[in-house]
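Asks: Chain by chain, the residues run as shown.
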Amino acid sequence: MSATFLRRILFSLVALFLAAPLVVVAGVSVNERQSLTFPPQGFSLSWYGQIFTDPGWRSALVNSLTLAASSAALAVIIALPLAWFLWRRIAPWANVFQLLGVAPFILPPVITALGFLTFWATVGAYGQPWTAAISHAIFFVTLPLVTLSLGFNSIDRSLVEAAATMGADDRTVLRTVVLPLILPYLISGYAFAFVLSLNEYIVAYMTVGFTMETLPIKIFNALRYGYTPTMAAVAVFFVALAAVIFGLIARFGDLPKLLGALSGDDK
Amino acid sequence: MRREPPRGLADYAPLAFPAIMLVVFFVVPFSTMIAVSFFQRDAAGFYSPAFTLDNYERFLSAFFGNVLGFSIMLAVMVAVVCVLVAFPFTYLLSQASRRVQIVWLVAILSVLSLSEVIIGFAWSTLFSRTAGITNLLVMAGLMGEARALTPGFGAVLTAMVYQALPYTVLVLYPAIVRRDPTLLEAARTLGASPLRAFLNVVVPALRNTIVATLIMVFVFALGSYLLPQILGRPQHWTLSVLITDQAIYQSNMPFAAAMAVFLVLMSLALVGLTLLVGGRREAQA
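Taken in sequence, the protein lines are chains A and B. Just so you know, the first sequence maps onto residues 1 to 267 in full-length UniProt numbering. Just so you know, the second sequence maps onto residues 1 to 285 in full-length UniProt numbering.
Hints were generated in silico from the structure; no laboratory data involved. Ideal Cβ positions, reconstructed from N, Cα and C, are used throughout, including at glycine. A few of these clues could be false.
Said to hold, decoys possible - Derived CB-CB ranges, DEER-like:
id: 1; chain 1: B; residue 1: Pro234; chain 2: A; residue 2: Leu6; range: 36 to 44 Å
id: 2; chain 1: B; residue 1: Val100; chain 2: A; residue 2: Trp130; range: 37 to 45 Å
id: 3; chain 1: A; residue 1: Thr165; chain 2: B; residue 2: Ile210; range: 45 to 53 Å
id: 4; chain 1: A; residue 1: Trp93; chain 2: B; residue 2: Gln40; range: 35 to 43 Å
Here chain A stands alone, though its shape is the one from the complex:
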């Protein structure tokens, strides 16, 4: 057996395993009637329309998008100055904050979620929508932190030195040299945090589960209290959205390099 042959077999098996549940869900989502059957009976895209027309699903979609957009932005705002400081200054003890930024991501998510639940309950803000945004920002701050650290480390120091020699101060160097160079890393950090926040369930559930429905919470509730093909349509929508966003990162950035450094030195 040649290596190419083995590779084809293994790649096909993994592809089949990864795709199978999604194919079934995609099939279920185009059923004509409200039934859980595969292969689908009839063909209808009306369940996709439901995501946008049904008030419950639409508000869950809006909640999820708002949460993901704001928490990812906050995560980047936290990560950017920290990553810049760690790159610009020699301050070994500041690595503690890097560790703090990575910790929530490595620990089992239930722990972070429960930490937020006890915290928000104690300060009396339990259930407020903004608490979910802050919680997600802290939970996912790892992603922009890692991509930005990678971005800063890939900057050629001589460029920065040249700018400084020509008389640019810290602020000018940051604005005219550093920021343009790390912009791709900033965008991918934001995108990673955005997609993961969109899909996140347990932290959202433990912070705002009883006051606000995000899409994953709504799907879980629908799973418990009655099936509708709209759930399948939302699942397909999520996979497609993630594939498009990561595809864009791959198109405009260096995905193998980005992932080649995701673990390793940074953890």
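Given chain A, work out where chain B should sit, using these hints.
Replies: Below, chain B alone, put in the same frame as chain A:
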């Protein structure tokens, strides 16, 4: 402009916002949770301050021992299966063209980012009686009648492998891509077949990476909180499910917090072990 130590207070200014956010919204909640684990349950509200070890004493029951044993067993199985599949896969992926690698990485990231809710829903559909794979087997004439494969242990294990496999590939990817290619070339020059070179040269050279990955995936699998609940029976519930259940449905935050502290200590010990293994790897290189 070289890296230099911060001189005045102004140089520290950029650190202020991230430091405040991380301390207030991560360190404080974490400490709150530890404190709550010593509190008493309050039927009316969440909890009332006290100092009691009752929540920790409940660990000493047979029920808790069973849940812990099952959680560890399940996570070990998930880690072993994932590494067995992901290691040769990632190795072959690293040899593929850049274009092929990128397509796979996008697909793997998309699956990795999927919500546990969606993974649970997708597999419960695939394993269901009306829309499941057994229908295909019936059509192929291999089975008499379609039946549901969920709830059950096999369903939980399959879905958790599905959830952890993309993670395993991404943890292995950097180490495998950066490995020393000359070792493999030498083995091939000396006449080893690709399979033999892989088993006798590549696997031993990356032994520590494999151990570290096993531990990382084990911790990742310990965190799975929904799949055992959606696809399993109550005896398949893990520590993470139990924590969620106690915190949300039984409203016993102190006990949930005590279990969470226990889970943290266990995870931290294992992550520390990973760093130790990783450190030894660098020392050897």
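Asks: Each hint needs a verdict: does it hold in this structure or not?
Replies: Against the structure, the hints:
Checked against the hint of 36 to 44 Å, the pair Pro234(B) and Leu6(A) passes, with Cβ atoms roughly 42 Å apart. Restraint check, Val100(B) to Trp130(A): a C-beta distance of roughly 43 Å satisfies the suggested window 37 to 45 Å. A beta carbon spacing of about 48 Å between Thr165(A) and Ile210(B) agrees with the range 45 to 53 Å that was offered as a hint. Between Trp93(A) and Gln40(B) the beta carbon distance is about 38 Å. The supplied range of 35 to 43 Å therefore holds.
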